[in-house]
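Trainee: All chains, full assembly: derive it from the sequences and hints.
Protein chains in written order, with my numbering: chain A, 1 to 175; chain B, 1001 to 1175; chain C, 2001 to 2175; chain D, 3001 to 3175.
Worth double-checking, as some hints may not be accurate.
[Stated by the list, open to error] Partial pick of chain A residues on the chain C-facing surface, computed with a CB cut under 10 angstroms:
id, residue
1, TRP40
2, ILE63
3, GLU64
4, ARG78
5, SER79
6, GLY80
7, GLU82
8, ARG84
9, CYS85
10, CYS163
I should point out that these hints are in silico values taken from the structure, not numbers from a laboratory. We put the beta carbon where it would ideally sit given N, CA and C, even for glycine.
Protein chains: 4
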Amino acid sequence: MIISVAAHSEEPSREIAEKARSFVRKVSPCNPTLLLGGYWGLMKTVVDEAIKQGLTVVLILPIERENIDLPAQVIPIRSGCEFRCRSVILVRSGDVLVSLGGGVGTEIEIMLAYAMGKPIYAITETGLSTDHFARAFPEYIDDRRVVKIRYFNDPGEVAEEICRGNMKSVETRFG
Amino acid sequence: MIISVAAHSEEPSREIAEKARSFVRKVSPCNPTLLLGGYWGLMKTVVDEAIKQGLTVVLILPIERENIDLPAQVIPIRSGCEFRCRSVILVRSGDVLVSLGGGVGTEIEIMLAYAMGKPIYAITETGLSTDHFARAFPEYIDDRRVVKIRYFNDPGEVAEEICRGNMKSVETRFG
Amino acid sequence: MIISVAAHSEEPSREIAEKARSFVRKVSPCNPTLLLGGYWGLMKTVVDEAIKQGLTVVLILPIERENIDLPAQVIPIRSGCEFRCRSVILVRSGDVLVSLGGGVGTEIEIMLAYAMGKPIYAITETGLSTDHFARAFPEYIDDRRVVKIRYFNDPGEVAEEICRGNMKSVETRFG
Amino acid sequence: MIISVAAHSEEPSREIAEKARSFVRKVSPCNPTLLLGGYWGLMKTVVDEAIKQGLTVVLILPIERENIDLPAQVIPIRSGCEFRCRSVILVRSGDVLVSLGGGVGTEIEIMLAYAMGKPIYAITETGLSTDHFARAFPEYIDDRRVVKIRYFNDPGEVAEEICRGNMKSVETRFG
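Mentor: So, in structure tokens, the structure goes:
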């Protein structure tokens, strides 16, 4: 299973960093591959914990930051394209999207996943802009009702749901 | 000036079609080039009116529908990539983004424009999902406060603002 | 008709610049839209002449040079992706590819056109690396024999052939 | 170390399949990650052998064939873009490119690697179109002389050279 992880590109608070690490620890037993869009901000927190847990980590890097230093264990894919374009590849490649909280970049990734019909799990009460997004779109993002976003305060519950493995993508054909 | 136009990929109501045509007519005097992402749904309405007004129209086509029949006057660019990836090129290429109303695809284009620091003008009271988006994000999309989205009920006012030409992009470096 | 033009990214000699301008002048009567990948080197020569002739010019810009100064008449599309990726969009969007001579970038564009089944017209005796390419691949690029590259010393003949308009793309499905 | 592998998209002969498997076996001791562009033709031969050797394999899939069945051990990245565009990502992401022989797709990948300044190792005497390419470009692809392509008949020698690990990319800035 491949999990695309949307996470803030800026330094996380201690609380949200801990929530993110907790998600990684709790999802580790079902041994997913994690896809992330970089190695900075909250994404770095996730990657570091995933390495500690021995998970396979693939980074889809935007051209703006494709030459950053990386831990030897991660597999960098250089998208050759800009921040939002790399998010398209990131989201499209996952079986599911998990949002750990962030700003507009993370919100875009949630919307991309919705438009592509991917199952979406989003952590709330992060203190980040995605909390507002969650209130704005408690279920669906548009009137097509493609997939219902599932919000959780507890990252352990997201891990549990994902490891149970009974979520499915919906085929979409609009755009 | 290049205006990226975000508009619904599905058949518009008579009212919203008229609002869209009105925008095109009123913006024509300053002779912008219009960029759109296809020739179906509300996008088709806009393209047809733009041709009638003699405007240059460029379409950034997604690979899923790159072979549709087109009027001879438009210039098709085949992005070679999927729906959302073509939206990245569409938004990035404009000096400004105008949303005429739509679903998640249009909402993604607004968010892309915000993340790229482009001026955004959005028509409200369309009866489409973007009306809800407008209520959810009355000003900014995240706490970076990159650009303030400007909402209008009257498409003529948007045209006027754009023709006045004093909007500016903000450089962004996050993602 | 849309002509994708592959041309050197470096300063041309007087001879090759003249050959390129001659092609533009002679193809002008059938009023094609020209697509190019930038506004530097031999590409700039072509764009300047095309503007003089009143042709519509669209540039597919790579992210590395998306902010260069451009004449007001051209329509810039910001691909958001790197040099070679923008070449894919450039070639895919044309009805035909014309090579006016260049280095590896131009050679890649010829190969992309071949792989996509586009008609290819290439100017030889330019003094550039594509002269060697022409000798290496006098007809086909691989044993699939997708499209036969047509080589010309005289740019006027290429213009004539193109304006006659009886070339067709071949559908390809490999890769 | 990440090795981008360019290989024919069509069924290989027994000889070339054996050469490809031999390369994989001999490069395994230095434990590279292999990147390929699909799971068909000669690429499938390489992937199957790499799995047998326990190597990590990442596939950069073109949108035309992103839904093919894959072995559980490989990590599929859905580029969301067409055949040649996925080749750009494939080549850009590798520390080095190895060509095991093929047609125009493989030749394009060699040219992309050259344009990006990547070290290139190419197997000759494959009976495929790349043999002709090797004769056409025995050293450099254009007069910039970016990187010297290194040709080998023996796949074991390529593996040895790569495992020795003293090849370096050259930074390029043209296009």
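Trainee: Now tell me, hint by hint, if it's right for this structure.
Mentor: We went through each hint and held it up to the structure:
Interface restraint check for TRP40 (chain A): the shortest CB-CB distance to chain C comes to about 19 angstroms, outside 10 angstroms, so the restraint is violated. Taking 10 angstroms as the C-beta contact cut-off toward chain C, the hint placing ILE63 (chain A) at the interface holds, the least distance being around 6 angstroms. Annotation: interface hint on GLU64 (chain A) holds; nearest CB of chain C at approximately 8 angstroms, less than 10 angstroms. Given the 10 angstroms rule on beta carbons, the hint for ARG78 (chain A) holds: about 9 angstroms separates it from the nearest Cβ of chain C.
A hinted interface residue such as SER79 (chain A) counts as satisfied when its beta carbon comes closer than 10 angstroms to some beta carbon of chain C; here the least separation is about 8 angstroms, so the hint holds. With its C-beta approaching chain C no nearer than about 4 angstroms, GLY80 (chain A) sits inside the 10 angstroms limit, and its interface hint holds. A distance limit of 10 angstroms between C-beta atoms decides the matter here; for GLU82 (chain A) the minimum to chain C is near 4 angstroms, and the interface restraint holds. Hint status for ARG84 (chain A): holds, given a least beta-carbon distance of 8 angstroms to chain C, under 10 angstroms.
Of the supplied interface hints, the one on CYS85 (chain A) holds, with its beta-carbon coming within about 5 angstroms of a beta-carbon of chain C, less than 10 angstroms. At a threshold of 10 angstroms, the smallest CB-CB gap from CYS163 (chain A) to chain C is about 36 angstroms, leaving the interface hint violated.
The structure fails hints 1 and 10 (numbered hints given earlier, in ascending order).
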